[in-house]
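Enquirer: Based on the hints, put chain H in the right spot on chain F.
Each chain, written out:
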Amino acid sequence: MFLTVIGALNEGFLQTLKLFAVTLIGAIPLGLVIAFGSMSRFSPLRYLTRLVVWIIRGTPLMLQLIIIFYIPGRVLSSGSPWPSGEPGRFLASSIAFIINYACYFSEIYRGGIQGVPVGQQEAGEVLGMTKRQIFFKITLLQMIKRIVPPMSNEIITLVKDTSIARIISLQEVIWAGYAFLKGSHGYSGLVWPLFFTGVYYLLFNGVLTLFFNYVERRLDYFR
Amino acid sequence: MSILEVNHIEKHFGATKVLSDISFSLEKGQALSIIGSSGSGKTTLLRCLNFLETPDSGTISVNDHVIFDAADPATQQEKEIRAKRLHFGLVFQNFNLFPQYTALQNVTLARELLAKERGGESKADIEAAGRELLAQMGLADRASHYPHQLSGGQQQRVAIARALALHPDILCFDEPTSALDPELTGEVLRVIRNLAEQKTTMIIVTHEMAFARDVADQVIFMDGGLIVEQGDPREVIDHPKEERTRQFLSRYAEN
Chain F
0 MFLTVIGALN
10 EGFLQTLKLF
20 AVTLIGAIPL
30 GLVIAFGSMS
40 RFSPLRYLTR
50 LVVWIIRGTP
60 LMLQLIIIFY
70 IPGRVLSSGS
80 PWPSGEPGRF
90 LASSIAFIIN
100 YACYFSEIYR
110 GGIQGVPVGQ
120 QEAGEVLGMT
130 KRQIFFKITL
140 LQMIKRIVPP
150 MSNEIITLVK
160 DTSIARIISL
170 QEVIWAGYAF
180 LKGSHGYSGL
190 VWPLFFTGVY
200 YLLFNGVLTL
210 FFNYVERRLD
220 YFR
Chain H
45 MSILEVNHIE
55 KHFGATKVLS
65 DISFSLEKGQ
75 ALSIIGSSGS
85 GKTTLLRCLN
95 FLETPDSGTI
105 SVNDHVIFDA
115 ADPATQQEKE
125 IRAKRLHFGL
135 VFQNFNLFPQ
145 YTALQNVTLA
155 RELLAKERGG
165 ESKADIEAAG
175 RELLAQMGLA
185 DRASHYPHQL
195 SGGQQQRVAI
205 ARALALHPDI
215 LCFDEPTSAL
225 DPELTGEVLR
235 VIRNLAEQKT
245 TMIIVTHEMA
255 FARDVADQVI
265 FMDGGLIVEQ
275 GDPREVIDHP
285 KEERTRQFLS
295 RYAEN
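As given, the protein sequences belong to chains F and H, one line each in that order. Numbering of the first sequence is given in my numbering, commencing with residue 0 and proceeding in unit increments. Numbering of the second sequence is given in my numbering, commencing with residue 45 and proceeding in unit increments.
It should be emphasised that the hints constitute simulated quantities derived from the structure, not laboratory data. The structure displayed is predicted, hence computed values, not measured ones. Hints may be right or wrong, so weigh each one.
Cβ-Cβ distance ranges computed for the label pairs, FRET-style [what the hints assert, rightly or not]:
| no. | chain 1 | residue 1 | chain 2 | residue 2 | range |
| --- | --- | --- | --- | --- | --- |
| 1 | F | Tyr213 | H | Ser81 | 47 to 57 Å |
| 2 | F | Pro28 | H | Ile125 | 46 to 56 Å |
| 3 | F | Ile143 | H | Arg162 | 28 to 38 Å |
Which stretches of chain F does chain H cover? Using the computed rule of at least three CB atoms under 8 Å from a CB of chain H, they are [as the list claims (entries may be wrong)]:
| no. | region |
| --- | --- |
| 4 | 128-141 |
| 5 | 183-194 |
Positions of the beta carbon are idealized from the N, C-alpha and C atoms, including for glycine.
For reference, chain H alone in the conformation it holds in the complex:
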């Protein structure tokens, strides 16, 4: 059974079509990498999954349950969208940590607010869970640091812990290392690799080809808002069938 099913998603910005007929599915415990040049629609696709953009047509299902149908306004009500968002976690390119909160508070804030609404977990439990997540990210000694006191790589790892704190079904990464200095990408990629080994269901938009090939169970190559090629990463990245994929990868190899 697929945990995520995306069918015929389309999205326009004004007259420009940024996503056309996007369909794919993802199994529980798998990692999907999305590659493609800038402007190919990768980020917009992730934003659609996280309800930051509304597709013009198509459906999104999680665990065989339609959570978004462009043709059915009932699936787009503000109140429900909030709950539906929690199926997904999103790690941003620019981290977007909350500057006025410590690393630990960044991780616990949303969960505390949810607990306050729904009852359940105590503040102490949430804090303990937050500390454990930070430890898992190798940041146990940074819990009380503010974002501006952390390096980019550390900030991004806090952001990953923050997304994990809400136990999303699917964790999305939007070019998680693109804003980092080259020497800091390794620590973030290592954390994501660990998550893959623990069978975290993930979608990773990335420019790190070697990483995509090693970590992902499935790769999608996008160009001009279309899925050009998808399949096993060793197939798509090492033996691309489509001319456009080949051109993109060879441009990459040159760089």
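Next comes chain F alone, as it looks inside the complex:
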């Protein structure tokens, strides 16, 4: 029985990890684009971006997930745009998570960029560097150093937030654990698999914590 449960939980946790990884891969760069939008000198773009960020951060991720998954099918005459089954649920979850997390990341980036003293940029300009060179050679690393602690917080939250995708029946680890309570693989009424999913989260977040401590130490050589 133990091996059956672990096998099912592993499979669920793989889905959790996939959603986690895809969200990071999408949201980390998209967040930067949104951050630049929210700092744009072109005020309509700036206001629009900040409005979007306000809406996304101001409403529950669960609600956004439900809207993205169910609403297109009700509005479009061609029916739901999502592929059927688990791939469709995963795609919808990925999009909702990427948009949601990109908005949070963008605010962290904005703080990080604005926290780099103006003098740094001016020193680069006076030395004849292009805006691009200034961003990549000067500002970026100083910004990364500033954002590592808030980003690690947000990323650890993301690990746990992936369980929200269960609301559209994405078969992540909590869904897999809960299945043994409802009845699955010939077992039903088993409570411990659900509790046991916590161990997966704890271990994975432990690894992430070690990783972020390492990154912070690596960036400790300058101030």
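Expert: Here is chain H on its own, set in the frame of chain F:
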């Protein structure tokens, strides 16, 4: 022939006029000191020369070539401004060294980026030149230190080396010792004095009156965005003609 010619520069911040009708010229190999109280427009003037601010009117010429004309947008194109900036070097009050780079990397970074774009110097040549500049600043043994491991005076000397690395025609100093502890100003002033002796063309905004008098070939006293008095430093500082200059200098003497 003047290396720098500034004509009728004006600058407003909103409704406030911070520079009005600024004109002066500078000969190659000369040092110009700009003195005046805080808010008199000295720093803004330097920032205009370095294209960190855009004057509302007036022209700036280097080597008889108009590099900025407020009335001619063609002289203000982003791409060209980059090249024009290289006529000037700027040493900031707060050093503004790049914290993630060593002293040597601070000095070589911009030159390496330029070399990569235009071809030419090898990385090894640039590094050798950077080490030599640091040695000239008395910092040969600090090349691999990061800014936070250096004292304020050392940081400012790295910043001077960084500005010199690009061989600017005119090196500008914006109150180079104002952010330093009093006991550290001497080492920075000594370096600037050496540069003056080597006939580096310089503009120095400073509150160090004795230094301005000794080092500069020309002094400008500014007040309220205007040039009130300019000329030989011994004249302007020791025998000011204008009442405002006298008041400013006597306030200084009291302190």
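Enquirer: Next step is simple, just say for each hint if it's right about the structure.
Expert: Against the structure, the hints come out as follows:
no., hint, in the structure
1, F:Tyr213 / H:Ser81: 47 to 57 Å, "51 Å, holds"
2, F:Pro28 / H:Ile125: 46 to 56 Å, "30 Å, violated"
3, F:Ile143 / H:Arg162: 28 to 38 Å, "29 Å, holds"
4, 128-141, "holds (count 7)"
5, 183-194, "violated (count 0)"
Hints 2, 5 from the list above are not met by this structure, while the remaining hints are.
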